[in-house]
Amino acid sequence: MASLMRTAARLHPTLTRTTVRPMTRAMASATTPKKATAAAAMQQPSHFDASEHPFFPDEPHRPIIRTAIPGPESKKAIAHLDKVFDTRSLNMMANYQNSFGNYLADLDGNVLLDVYAQIASIPVGYSNPSLLLAATSPDMASAMVNRPALGNFPQHDWAKILETGILRVAPKGMDQVFTAQAGSDANELAYKAAFMWRRGQERGGAEVAFTEQEMASAMNNQGPGAPDLSIMSFKSGFHGRLFASLSTTRSKPIHKLDIPAFDWPQASFPALKYPLEAHAEENAAEEQRCLDEAEKLMTTFHSPVAAIVIEPVQSEGGDNHASPAFFKGLRAITRKHNILMIVDEVQTGVGATGKFWAHEHWNMQDPPDMVTFSKKAQTAGYYFGNPELRPNKPYRQFNTWMGDPARAILFRAIIQEIERLDLVRNTAETGDYLYNGLESLAQKYPKEIQNLRGKGQGTFIAWDSPRRDEVLRKAKGEGINIGGSGERAVRLRPMLIFQKRHADIFMEGMEKVFQS
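Under the working numbering, think of the first position of the sequence shown as 452, with each following residue one higher.
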């Protein structure tokens with residue numbers, strides 16, 4: 452730690468937010484460049500665009516494939532790990548010390564262009580020097596070794612950390628945050644806030660005392676203390692794997708099997724047809740059908756609906772989109788019936804759609820009641836603005852940690868890096884370039900790229916493939932790490948530092964896969 456702190460101190464003048472400097476491997480680590488990535492950096496591809504300023508100029512210029520994936524060293528490491536940890540969901544064994552920028556390395560010298568980014572969770576590149584600087588700061592060291600129980604013993608500068616980081620990028624209409632541990636946790640806490648708000652209203656206000664009957668029945672999981680209320684979600688949605696969040700998750704049976712669940716309603720999410728401009732009337736009718744169904748459920752379901760939860764793009768369920776008009780319609784219905792609207796931005800948030808928050812694309816005058824976040828934020832929680840969403844008593848929304856200052860400090864550094872390099876704009880522009888290129892590939896390989904979607908949504912792009920799993924596997928052989936969603940969608944989740952040069956490499960590699 453001491454040597455890292457000294458390295459960070461030497462780097463500090465080069466990483467201020469007032470000067471845009473390229474990211475170099477020397478800035479990222481006090482160690483020498485690794486063999487695999489150094490070799491890649493020496494070979495400049497023919498499509499190198501000298502007019503595009505690279506964010507990581509000495510990251511690899513293209514992927515390197517030296518062995519099958521997994522290679523022999525990776526197989527040994529996987530076998531070792533499997534003795535103590537379940538590896539059945541393993542995608543690849545990574546070497547993060549050798550990973551840099553947009554490129555993910557393994558143990559066998561393979562270096563892949565990563566457009567999956569740890570399931571959409573790496574925002575500004577592997578081994579990002581600005582984040583390493585934050586990670587080696589005295590504030591971070593203190594937060595890590597003196598982790599506070601924030602509800603009881605918050606550190607003296609917790610308000611400043613929140614105001615200069617998490618709350619600095621709060622969505623429109625929101626000025627408070629409840630921090631959490633993960634996306635599932637954030638959604639669970641938002642659901643609890645919704646239920647407490649609803650019961651407070653029914654009771655006659657936050658100041659009205661709980662009755663003896665409520666307190667006694669709550670201890671037996673019975674009403675009125677444990678009320679018959681629900682959260683409405685949408686078919687194919689994903690909101691986490693804890694108990695309440697899993698009850699609102701509707702993406703795949705494997706997520707839910709054998710786990711008891713709440714009997715809560717699910718409404719249809721629009722099944723749009725593509726290209727959108729060729730099916731405008733049909734899609735409008737489909738969205739209206741879904742709005743009508745949602746309103747009927749909100750008003751007639753046997754367990755009254757306290758809140759709805761919805762993703763701007765159903766990310767695990769197949770990358771399903773809807774129009775701004777649909778989401779505005781939902782907001783109007785929730786207002787009409789005094790139901791809260793929770794927007795789950797766990798995967799869509801922090802710049803990936805060309806806006807910092809994906810729901811900004813809706814241009815809503817009446818913002819959601821709560822917005823949950825995690826993944827690229829490297830921390831988690833929910834934003835809100837209505838003070839009535841604070842519980843009326845202490846310890847009602849509480850746990851030992853109530854978040855993590857170390858992760859909040861890291862998110863602050865991520866925000867500063869996004870602003871310093873103007874990465875939301877970069878993602879919007881690169882996304883347009885990438886989408887146009889994929890449209891051309893779809894015309895050339897119409898059986899391989901079906902229902903291309905995500906236009907105008909940054910790099911949050913997907914398409915359907917009749918041989919999806921084979922495509923994902925063969926892409927690794929071309930040096931591309933890519934993921935899927937739903938039953939047959941190929942989804943792109945590159946980092947915010949993904950540029951046009953990377954898009955070219957990606958499309959060249961995918962064309963080779965399509966030709967195979």
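Keep in mind that the hints were calculated from the coordinates and are not lab data.
Note that CB positions come from ideal geometry on N, CA and C, so glycine has one too.
Take the hints with a grain of salt, since some may be wrong.
[What the hints assert, rightly or not] No farther apart than 27 Å at their CA atoms in a straight line, the calculated lysine-lysine pairs in the DSS-like style are these:
(1) Lys686 to Lys707
(2) Lys611 to Lys747
(3) Lys747 to Lys724
[As the list claims (entries may be wrong)] Across the chosen pairs, the derived CB separations fall in these ranges:
(4) Lys707 to His753: 19 to 25 Å
(5) Glu663 to Val535: 46 to 52 Å
(6) Ala783 to Asp709: 37 to 43 Å
(7) Glu663 to Lys724: 54 to 60 Å
(8) His753 to Val596: 47 to 53 Å
(9) Asp873 to Phe536: 49 to 55 Å
(10) Ser719 to Ala677: 46 to 52 Å
(11) Glu653 to Asp873: 29 to 35 Å
List in ascending order the numbers of the hints, as given earlier, that are violated by the structure. Result: hints 2, 9, 10, 11 break, sorted rising.
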